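Asks: Same order as they appear, the protein sequences are chains A and B. Offset between the first sequence (1-based) and the working numbering: plus 7. Offset between the second sequence (1-based) and the working numbering: plus 7.
Please keep in mind that the hints were generated in silico from the structure rather than gathered at the bench. Be careful, since some hints might not be right.
When chains are identical, the list treats them as one kind, so a pair holds in a single copy or across two.
Computed list of lysine to any residue pairs in SDA-like fashion (alpha-carbon distance at most 20 Å, straight line) [said to hold, decoys possible]:
| id | residue 1 | residue 2 |
| --- | --- | --- |
| 1 | K72 | T97 |
| 2 | K121 | R292 |
| 3 | K102 | N67 |
| 4 | K102 | L66 |
| 5 | K121 | Y284 |
| 6 | K73 | D98 |
| 7 | K121 | A331 |
| 8 | K92 | F171 |
| 9 | K278 | D30 |
| 10 | K50 | E62 |
| 11 | K121 | D98 |
| 12 | K102 | L68 |
| 13 | K102 | A275 |
| 14 | K69 | K102 |
| 15 | K304 | G145 |
| 16 | K50 | K237 |
| 17 | K59 | A331 |
| 18 | K72 | D98 |
| 19 | K73 | L60 |
Since the model is a prediction, treat every value here as computed from it, not as a measurement.
Residue strings, one per chain:
2 protein chains.
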Amino acid sequence: MKYFITGGAGFLGSSMADRLLQDKKNLVTVIDNFSSGKMAHIKAHLNDKRFKLIEGDILNLKLLKKAIRRHDFVFHFSANPDIAKGLIHTDLDLKLGISATYNVIEAMRTEGVKDMAYSSGSGIYGDAGLIKTNEDFGPLLPISMYGASKLGAESIIGAFCHMFDMRAWIFRFANIVGARQTHGICFDFIKKLKNNPDKLKIAGDGKQSKSYIYVSDAIQAMLFAIEKYKNKATYLKKETSGNVFIFNVGSGDHISVNKIARLAVQEAGLKDVKFAYSGGKRGWRGDVPVVRLDLTKILRLGWKAKYNSLEAIKLSLRELQKEA
Amino acid sequence: MKYFITGGAGFLGSSMADRLLQDKKNLVTVIDNFSSGKMAHIKAHLNDKRFKLIEGDILNLKLLKKAIRRHDFVFHFSANPDIAKGLIHTDLDLKLGISATYNVIEAMRTEGVKDMAYSSGSGIYGDAGLIKTNEDFGPLLPISMYGASKLGAESIIGAFCHMFDMRAWIFRFANIVGARQTHGICFDFIKKLKNNPDKLKIAGDGKQSKSYIYVSDAIQAMLFAIEKYKNKATYLKKETSGNVFIFNVGSGDHISVNKIARLAVQEAGLKDVKFAYSGGKRGWRGDVPVVRLDLTKILRLGWKAKYNSLEAIKLSLRELQKEA
Chain A
8 MKYFITGGAG FLGSSMADRL LQDKKNLVTV IDNFSSGKMA HIKAHLNDKR
58 FKLIEGDILN LKLLKKAIRR HDFVFHFSAN PDIAKGLIHT DLDLKLGISA
108 TYNVIEAMRT EGVKDMAYSS GSGIYGDAGL IKTNEDFGPL LPISMYGASK
158 LGAESIIGAF CHMFDMRAWI FRFANIVGAR QTHGICFDFI KKLKNNPDKL
208 KIAGDGKQSK SYIYVSDAIQ AMLFAIEKYK NKATYLKKET SGNVFIFNVG
258 SGDHISVNKI ARLAVQEAGL KDVKFAYSGG KRGWRGDVPV VRLDLTKILR
308 LGWKAKYNSL EAIKLSLREL QKEA
Chain B
8 MKYFITGGAG FLGSSMADRL LQDKKNLVTV IDNFSSGKMA HIKAHLNDKR
58 FKLIEGDILN LKLLKKAIRR HDFVFHFSAN PDIAKGLIHT DLDLKLGISA
108 TYNVIEAMRT EGVKDMAYSS GSGIYGDAGL IKTNEDFGPL LPISMYGASK
158 LGAESIIGAF CHMFDMRAWI FRFANIVGAR QTHGICFDFI KKLKNNPDKL
208 KIAGDGKQSK SYIYVSDAIQ AMLFAIEKYK NKATYLKKET SGNVFIFNVG
258 SGDHISVNKI ARLAVQEAGL KDVKFAYSGG KRGWRGDVPV VRLDLTKILR
308 LGWKAKYNSL EAIKLSLREL QKEA
């Protein structure tokens with residue numbers, strides 16, 4: 008199989024490249040503009056003949072069309088990784104989330120690439136509180152530009168699949184953690200504690216509780232769901248509606264920000280760190296304080312996360328502490 | 008009140024301008040790039056001191072910011088009016104639907120305009136078949152770029168309302184019909200019959216059945232819902248989630264394409280017109296053949312359409328026949 012990965016030098020994209028290249032039959036092309044991706048993440052493959060790197064921006068549709076040609080399957084990971092930044096630069100997620108996704112699926116259409124997977128997120132459910140949202144949940148009311156861009160991108164992918172006989176696997180992930188993260192709570196806490204071992208600033212009241220999934224579990228879930236549906240799923244006929252397969256993916260449990268802060272302090276080998284809360288139940292405007300995903304659909308398919316939220320966070324803190 | 012209307016020379020926008028200017032206290036600014044809007048629609052107001060026309064494109068954010076300044080309320084109607092065109096020009100709805108809506112709400116944010124209404128559509132529900140979709144319905148899986156752009160735009164509006172203390176009234180309309188239409192089934196049939204009185208080409212199998220609402224009812228529903236919520240609705244506090252009010256708006260019943268075809272023939276004063284079907288249950292890829300909106304929310308508020316689907320279609324055909 009010939010795979011094409013957007014954001015392929017990033018956290019998730021490079022992890023997927025690693026995994027795919029374990030299979031000798033696979034070829035992998037990675038595109039990245041290195042705005043947050045890192046050469047170090049893909050260095051191991053640079054001399055592999057089965058690996059190709061394109062340094063370029065997927066907002067350049069002409070370049071993207073040429074690059075995507077003659078691939079079998081696209082993993083679209085590229086996005087704005089800094090959710091809170093969307094509060095200041097309100098067009099970031101519009102460009103890097105919605106317009107970029109349009110470019111990917113439009114390039115696939117004109118170049119005849121039929122199958123893709125997209126990393127969406129729990130943010131599309133908005134602030135649903137303690138409700139365990141399943142894939143059919145409504146209303147969908149994202150409260151950040153990040154969430155809005157994920158829903159907008161999903162909609163565009165779905166419309167293309169219907170109109171142009173394409174197939175898409177959409178994964179609404181819990182917070183993915185692990186080595187190579189360049190953003191997110193673990194990365195943030197480790198960095199802050201390194202700069203100031205006496206005091207840790209915590210956004211919100213620390214009581215936010217969300218679900219975390221370890222990166223290898225997230226990668227495995229994608230490949231598992233794609234494999235399961237690959238032959239079952241036929242391309243669209245004009246008379247049917249939509250070959251889009253949507254899955255919530257998480258570890259099933261949750262953990263509080265305060266707990267993660269205590270684990271980060273422990274991992275950093277510190278003691279008596281003062282926690283300074285910014286206050287309010289949200290970390291920032293657009294932050295969803297409580298996330299509960301209903302995982303029934305993917306669990307029934309036979310997939311289960313290897314690590315729970317606590318284990319995923321612990322592993323992630325350890326690796327990021329090493330990288331710091 | 009000082010109102011700002013995007014697409015203000017179009018079918019809906021100009022009808023809203025007419026209605027608002029009936030109240031002597033109102034001032035109305037209209038922006039339109041006249042891609043489908045018409046000067047004839049707003050001609051009556053050009054000498055009214057309470058009316059201001061800006062010929063310009065809302066994709067020009069700088070121009071839009073300047074134009075939107077010092078208004079109290081924004082009606083955002085501007086969009087691509089030709090749904091099927093999105094199959095050929097796949098970026099039309101992305102630009103005219105999603106990017107344009109981002110520009111409107113971003114201009115409101117930077118210029119301090121807090122309240123807006125948006126004309127969304129039943130297309131966001133995708134192909135839900137005979138299910139009467141209410142405003143909380145899920146999953147939302149649009150099957151056209153038009154539908155995807157409406158959902159993307161709603162999401163962006165919702166995110167802004169949450170992040171920046173704004174309020175939005177979102178109306179998911181059934182098919183709106185009436186004088187001044189430049190697209191849509193009535194316009195299409197009248198035009199076709201004028202060009203060829205012997206044969207009428209019908210997209211699909213003619214059995215599509217949807218709900219239609221007369222334009223004055225649609226305008227009235229918007230003003231009614233805005234008025235009802237205006238004082239009740241407080242601006243967002245950081246700790247709450249979303250001041251976005253979503254309403255389905257329609258006439259409650261439905262009518263088939265075949266029935267509309269027969270009425271169009273009758274209205275054109277013709278007989279023995281042959282119907283030529285393109286076949287298939289959809290008019291085109293992305294056409295939703297069956298639309299059923301649950302109107303409970305707005306009915307409970309006390310609003311009801313004056314005209315049912317049949318009456319709305321009849322009135323519309325009569326007026327478009329006159330305009331033809």
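Asks: Hint by hint, note whether the structure agrees.
Replies: Structure-based check of each hint:
Taking the shortest Cα distances, K72 and T97 sit within 20 Å of each other only across copies (15 Å), while inside one copy they are farther apart (27 Å). With identical chains, the CA atoms of K121 and R292 are at most 20 Å apart between copies only, with a shortest distance of 17 Å across copies and 38 Å within one. Proximity of K102 and N67 under a CA criterion of 20 Å is satisfied in both settings, with 11 Å inside one chain copy and 16 Å between copies. Proximity of K102 and L66 under a CA criterion of 20 Å is satisfied in both settings, with 8 Å inside one chain copy and 14 Å between copies.
For a Cα distance limit of 20 Å, the shortest separation of K121 from Y284 qualifies neither inside one copy, at 48 Å, nor across copies, at 30 Å. Proximity of K73 to D98 under the C-alpha cut-off of 20 Å is restricted to the inter-copy arrangement: shortest distance 18 Å between copies versus 26 Å within a copy. In this homomeric assembly, K121 and A331 never come within 20 Å of each other (Cα to Cα): the closest approach is 40 Å inside a single copy and 43 Å across copies. In this assembly of identical chains, the alpha carbons of K92 and F171 lie at most 20 Å apart only when taken from different copies (14 Å versus 34 Å within one copy).
In the homo-oligomer, the alpha carbons of K278 and D30 never lie at most 20 Å apart, since the shortest distance is 45 Å inside one protomer and 68 Å across protomers. Taking the shortest alpha-carbon separations for K50 and E62, only the intra-copy value of 13 Å comes in at or below 20 Å, while the best inter-copy value is 53 Å. Taking identical chains as interchangeable, the C-alpha atoms of K121 and D98 lie at most 20 Å apart only when they sit on different chains, with a minimum of 19 Å there against 29 Å within one chain. When the C-alpha separation of K102 and L68 is checked against a cutoff of 20 Å, the pair qualifies both within a copy, at 13 Å, and between copies, at 15 Å.
Taking the closest pair of Cα atoms, K102 and A275 never come within 20 Å of each other, the shortest separation being 37 Å inside a single copy and 48 Å across copies. In this assembly of identical chains, K69 and K102 lie within 20 Å of each other by CA distance both inside one copy and across copies; the values are 16 Å within and 18 Å between. For a Cα distance limit of 20 Å, the shortest separation of K304 from G145 qualifies both inside one copy, at 16 Å, and across copies, at 16 Å. With identical chains, the CA atoms of K50 and K237 are never at most 20 Å apart, being 31 Å at best within one copy and 58 Å at best between copies.
For a Cα distance limit of 20 Å, the shortest separation of K59 from A331 qualifies neither inside one copy, at 28 Å, nor across copies, at 59 Å. Within a single copy, K72 and D98 get their C-alpha atoms only as close as 24 Å, which misses the 20 Å cut-off; across copies the closest is 15 Å, which meets it. Taking the shortest Cα distances, K73 and L60 sit within 20 Å of each other inside one copy (13 Å), while across copies they are farther apart (44 Å).
Consistency note: the structure conflicts with the earlier hints numbered 5, 7, 9, 13, 16, 17.
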